[in-house]
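S.K.: In order, the protein sequence lines correspond to chains B and G. When the first sequence is numbered by our numbering, its final residue is 983 and no position is left out of the sequence of numbers. When the second sequence is numbered by our numbering, its final residue is 983 and no position is left out of the sequence of numbers.
Don't read these hints as lab results, they were simulated from the structure. Errors might be hidden in some of the hints.
Computed far set for chain B versus chain G, every beta-carbon distance over 10 Å [claimed, not checked]: (1) Asp489; (2) Glu500; (3) Pro528; (4) Glu540; (5) Asp580; (6) Arg582; (7) Glu602; (8) Asn722; (9) Gln755; (10) Pro768; (11) Ile787; (12) Ser823; (13) Lys845; (14) Ser870; (15) Ile933; (16) Ala959.
Rough simulated footprint, nothing fancy, chain G against chain B, three-plus residues with beta-carbon under 8 Å [to be verified]: (17) 546-559; (18) 651-665.
Bear in mind that the values here come from a model prediction, so they are computed numbers and not experimental data. Glycine included, each C-beta is placed from N, C-alpha and C at the ideal position.
Protein chains: 2
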Amino acid sequence: MYYYVAIIFTNIFVDFFMMSAFLNRFCGKTFHAFLKNINKIKAFSQGVNLCERRQNDVDKLYSTSSKSKQVYLIDEDENSNKSRVSSFNKYTNRSYTCGELRSNNIGESVNLCGWLEYQRMNKFVVLRDSYGETQLLINEKDLKTQRLLENLPFESIIQIRGTVLSRPKAMINEKQVTGEIEVLIDDLKVVNKAKNNLPFNIREFQKAKETLRMQYRYLDLRFPQMQRNLRERSRLIMKMREFLFNNNFVDVETPTLFKATPGQFKQMLMAGAIDRYFQIAHCYRDEGVRSDRQPEFTQLDIEMSFTNVDGVINLIEELLLYSWPEYLNPIAMKFQRISYKDALENYGNDKPDIRFEFKIQNCTELFKPNEKLVDDDFGAYFVKIPKDYANLNKQIKELMLGLAMNYPNAKFFQSKVNTPKEWTSKINKLLTSQVATKFVEENKLENDSVLFLAYGNKNEVLSLLGKVRLEYVNFLENLGISVRKKGMHFLWVVDFPLFEISEETGCLQSAHHPFTAPHPEDLHLLKSSPLNETLLDLLKIERNTMQHIIDMLGSGCPPHGGIALGLDRLLSILLGTTSIRDVIAFPKNFEGRDPLSGAPSYISEKDQKLYHIKSIPSNKLKN
Amino acid sequence: MYYYVAIIFTNIFVDFFMMSAFLNRFCGKTFHAFLKNINKIKAFSQGVNLCERRQNDVDKLYSTSSKSKQVYLIDEDENSNKSRVSSFNKYTNRSYTCGELRSNNIGESVNLCGWLEYQRMNKFVVLRDSYGETQLLINEKDLKTQRLLENLPFESIIQIRGTVLSRPKAMINEKQVTGEIEVLIDDLKVVNKAKNNLPFNIREFQKAKETLRMQYRYLDLRFPQMQRNLRERSRLIMKMREFLFNNNFVDVETPTLFKATPGQFKQMLMAGAIDRYFQIAHCYRDEGVRSDRQPEFTQLDIEMSFTNVDGVINLIEELLLYSWPEYLNPIAMKFQRISYKDALENYGNDKPDIRFEFKIQNCTELFKPNEKLVDDDFGAYFVKIPKDYANLNKQIKELMLGLAMNYPNAKFFQSKVNTPKEWTSKINKLLTSQVATKFVEENKLENDSVLFLAYGNKNEVLSLLGKVRLEYVNFLENLGISVRKKGMHFLWVVDFPLFEISEETGCLQSAHHPFTAPHPEDLHLLKSSPLNETLLDLLKIERNTMQHIIDMLGSGCPPHGGIALGLDRLLSILLGTTSIRDVIAFPKNFEGRDPLSGAPSYISEKDQKLYHIKSIPSNKLKN
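Generate coordinates for the entire structure from the input sequences, incorporating the hints supplied.
M.R.: Structural data, given as structure tokens:
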């Protein structure tokens with residue numbers, strides 16, 4: 361019976377691609393800055409009336425303490441400084457980041473490096489780096505520094521040595537983490553002058569269009585938002601690794617250059633006694649790009665030997681708990697579960713949005729007396745919208761009719777239920793008044809509610825009502841009526857089917873892949889042993905393309921289970937971005953192109969020769 | 361001057377591809393098992409004379425304690441077991457690995473899963489998994505288990521519930537970590553029967569050829585050696601990540617689908633204020649496969665803004681110290697450094713083997729009087745082999761002459777120095793006796809030493825003597841004479857040239873890439889600002905292929921420095937494997953093919969159509 365034992369537990373192959381869609385997007389909530397040092401970049405806007413008094417302080421500082429002050433030049437005397445250098449500055453020429461200085465640093469001589477964010481009146485400079493911004497002060501008498509900064513374009517790279525001063529009280533900027541201090545420039549070096557007229561400025565309020573942002577990604581990455589996204593991505597993935605490593609999973613890199621087969625390298629690893637495998641895998645897909653799709657994307661791939669459905673589910677729940685961002689509300693163990701069957705029956709699809717009710721309900725029994733309508737595939741279902749959310753104006757009605765057009769085998773009926781009585785008369789073409797009254801009673805229709813009803817081919821009816829349910833709520837939310845619960849709502853969809861009918865060929869095909877284990881309760885439904893060979897016959901897959909996998913399964917392969925989480929989508933949801941492009945350093949655009957380098961492009965003559973490739977006009981490539 | 365400032369510090373671009381070559385291979389030292397639970401797999405070989413006594417014990421156990429014993433079936437009552445499950449077994453059906461049980465577990469009821477390693481006399485079974493092996497005992501009266509195991513092929517997957525017993529004293533196997541115990545089978549399940557006659561057995565003493573090992577990689581991975589290699593790979597890389605994460609480096613994934621340009625994504629990240637970047641990057645090379653080369657390989661890629669040569673060197677030294685395997689002798693900070701120039705002058709190449717002396721020495725001055733020979737490129741050098749290592753038989757002499765053949769502009773002279781006096785007469789065609797005597801005196805030639813001397817084109821002379829030096833020592837070591845120091849000897853080669861002459865075109869080309877910063881001391885040698893545009897002109901690189909990089913450098917790009925360590929090579933050295941293939945889960949073979957799946961192979965008609973590709977016989981592809 362277990363010869364060629366089937367491998368992946370079918371009922372947990374819901375992958376995160378789907379799962380992530382069930383997560384609530386992070387809406388309307390203010391993030392606490394998770395990188396505490398990154399603040400919104402604001403143009404420097406303090407007054408000038410205190411400047412004169414400040415220059416007096418500067419003069420005093422130079423006259424009284426120049427000897428006792430600890431002064432060192434950039435790059436020199438590195439060691440004297442080492443002990444107080446934080447891990448952000450180790451191995452660099454700076455002693456502090458631009459987001460690090462506080463009032464307890466007053467009096468210190470510091471080295472700072474960064475971008476010239478702003479300057480004003482030959483007196484104030486805002487220096488920015490990945491961690492924040494620091495206000496620099498130019499000594500009125502320091503003509504050399506003034507000359508260096510004169511007409512220096514914003515975004516130029518400068519390096520300074522300076523002394524930390526407290527800002528005059530009236531100048532303290534409480535919104536800025538470094539707002540209590542400023543740094544008097546002792547020495548300034550222009551390290552890399554920027555060009556004038558960059559494609560766009562690094563100002564929140566001047567954000568460029570995405571096309572331009574992607575073409576000049578290196579400028580776009582300087583925005584605090586992109587800094588936050590990439591740094592949080594790094595953190596989350598590191599925490600996931602840490603969790604898996606602590607649980608004795610082995611990080612194994614699998615090749616990307618290989619022959620396409622239905623088998624997976626992770627199955628080879630299971631047969632190879634790497635019994636707890638994971639990989640943050642760079643993956644490829646050849647499909648149209650959407651806001652949640654990229655030609656290259658990243659998955660957390662996991663596989664375990666000798667496990668079961670609960671094993672995999674527990675692992676993932678604990679993994680998410682462990683790596684969960686601090687800036688979000690904690691998630692509760694355990695996640696909800698729903699069977700594939702119930703998901704279809706109650707939500708009309710296999711990735712239900714459980715953040716609101718309005719579930720699909722079954723009224724097939726009521727239609728049964730009407731034998732003309734009823735065959736094996738027949739179903740009658742409805743969605744009830746309670747009075748508080750009822751709205752059935754012309755616009756939404758037309759939207760719904762548009763949806764129904766795509767389902768020729770489903771009759772669709774939508775109406776405002778002013779009173780149940782009125783409704784029973786409206787529906788008299790469809791239901792006898794006796795049945796209609798029974799419907800009203802059984803389903804407790806209330807005044808001023810809305811009812812969507814559909815009957816006919818069961819699959820079409822459910823799919824249609826699933827869309828009606830979603831679109832109706834989207835419509836309400838676009839009107840400003842909040843329906844969905846806030847926060848993250850995880851849901852496991854379990855007990856997926858082993859086979860499905862291919863839309864393309866009409867034949868049976870594996871819902872996941874042909875080496876998936878059947879649900880224990882369904883074992884008897886499959887032909888008897890040897891199980892997987894039958895399965896292959898069933899699926900009409902050429903055996904020679906996967907002989908090595910059949911060999912592998914017969915070599916002593918432990919039962920195993922696994923999952924893959926789409927990390928780009930997960931991060932996009934956790935960070936509340938509108939597209940996965942915002943959590944990827946160098947994404948392709950909506951056309952699958954790289955606007956930065958101009959890829960893809962033609963192959964050079966030289967390379968064509970090298971790889972025995974020839975480009976032929978498509979009209980000459982008939983057949 | 362710093363307009364378009366140059367970017368990477370030339371003098372640290374020695375990468376680990378080279379560096380790893382300087383590490384001593386791990387020779388002749390016994391590894392302590394770093395995974396303490398993995399032991400060499402040994403066929404079970406205990407005696408039988410104690411069997412009878414043991415069955416009595418078994419009977420007693422069943423008769424006296426069957427009620428009080430904690431008995432549970434596999435998969436059932438998971439929770440009662442949870443508290444004592446180690447992180448190796450979490451989320452699985454087993455309560456212990458096969459390398460985990462000790463005498464303090466005696467009396468426990470346990471679940472074990474694994475491969476049927478061996479069975480004997482219907483009485484003893486050796487169960488193996490990734491962590492070790494455990495001896496199972498079959499109750500003489502348990503006919504069901506005996507029937508299940510009868511003729512069950514080795515490598516079949518079984519799952520048992522059993523009771524931990526102490527082994528009779530005479531049966532204790534001290535070489536086995538689980539050698540004090542055995543597990544009496546209470547219930548056995550054959551989970552996945554293996555086929556008979558697998559291509560090879562998992563026995564150390566029957567190790568298959570590499571071709572077969574790679575074709576059935578999933579079998580090969582079951583060997584403790586491969587388990588160790590992959591698990592150590594995972595550990596080392598995780599430690600490196602941990603170090604970098606603790607030092608606030610950001611893990612950023614860069615795309616693999618892009619247009620080939622001389623720029624790098626890590627430079628874009630520097631311009632984009634990701635000031636401390638790293639990535640364990642999956643890389644590709646299109647070159648012949650060798651024992652230290654694969655079409656796909658893995659690099660630790662690092663880049664930092666506002667750093668310098670010492671910053672990068674310190675980072676890497678601390679990184680290696682942090683992640684260094686416990687089973688090796690600790691490494692000492694700081695690593696040795698040598699300049700590129702000195703490396704060539706003393707070792708004849710830029711990746712000197714510093715594990716032995718016999719350095720190249722300069723005697724050009726002695727040849728100077730002979731003006732006929734001397735032009736600007738002239739050099740005369742020699743390698744002295746002291747008497748204890750002197751051996752110049754016919755075989756080695758011919759080997760050396762063979763090397764010299766490749767250097768037409770270098771005169772080569774090798775001889776045994778029986779006495780210095782004899783040598784001066786031998787060399788009289790080349791040097792006047794006065795000069796020869798001076799040579800002998802200055803260089804302290806001793807009796808019975810060996811001398812290799814070469815003169816002519818300096819580059820050829822140095823390259824030749826570099827090879828002579830290496831081949832001479834290889835020759836000695838093949839004879840069993842140990843010359844190289846043991847252990848790991850790191851060496852930094854610094855101050856690499858900015859340009860080199862292309863062997864292909866004879867033109868100047870960047871030694872690293874065109875956006876590399878010149879050595880500060882050599883700045884004056886380059887034409888004046890704007891530096892990099894001049895540089896591009898110098899290198900005749902089409903500017904339009906890299907306009908986006910020029911734009912990036914002009915957008916405010918911090919100076920930065922970085923490195924990439926070849927992890928496969930590093931691991932191969934640390935683990936003492938003969939090929940990097942042994943530290944890669946699914947490597948390509950020496951032909952660049954994948955014997956497992958049979959890749960590469962032809963593209964199907966269907967795929968050709970999909971991607972607008974047509975295969976044309978090469979004879980029709982003229983031009």
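S.K.: Decide, holds or violated, for the assertion that all CB atoms of chain G are farther than 10 Å from the CB of arginine 582 of chain B.
M.R.: At roughly 5 Å from the nearest Cβ of chain G, arginine 582 of chain B sits no farther out than 10 Å, so the non-interface label is violated.
S.K.: According to the definition I'm using, a residue is off the interface if its beta carbon is farther than 10 Å from all beta carbons of the partner; does lysine 845 of chain B meet that for chain G?
M.R.: holds, 30 Å
S.K.: Is the Cβ of proline 528 of chain B more than 10 Å away from each Cβ in chain G?
M.R.: holds, 30 Å
S.K.: Taking the shortest Cβ-to-Cβ distance between glutamate 602 of chain B and chain G, state whether it exceeds 10 Å.
M.R.: violated, 8 Å
S.K.: Do three or more residues from the region 651-665 of chain B put their C-beta atoms closer than 8 Å to C-beta atoms of chain G?
M.R.: holds (count 5)
S.K.: Checking a non-interface call: every C-beta of chain G should be farther than 10 Å from the C-beta of aspartate 580 of chain B. Is that right?
M.R.: violated, 7 Å
S.K.: For serine 823 of chain B, which was marked as not at the interface, is the minimum beta-carbon distance to chain G over 10 Å?
M.R.: holds, 29 Å
S.K.: Using Cβ atoms and 10 Å as the threshold, tell me whether isoleucine 787 of chain B really stays out of contact range of chain G.
M.R.: holds, 50 Å
S.K.: Please verify that the nearest CB of chain G lies beyond 10 Å from glutamate 540 of chain B's CB.
M.R.: holds, 23 Å
S.K.: Closest CB-CB distance from glutamine 755 of chain B to chain G, is it above 10 Å?
M.R.: holds, 41 Å
S.K.: Minimum Cβ separation between isoleucine 933 of chain B and chain G greater than 10 Å?
M.R.: The assertion about isoleucine 933 of chain B holds, with a minimum of 18 Å to chain G.
S.K.: Take a quick look at proline 768 of chain B and tell me if its Cβ sits farther than 10 Å from every Cβ on chain G, holds or violated.
M.R.: holds, 31 Å
Going down the numbered hints, you'll see the structure goes against 1, 5, 6, 7, 16, while the others check out.
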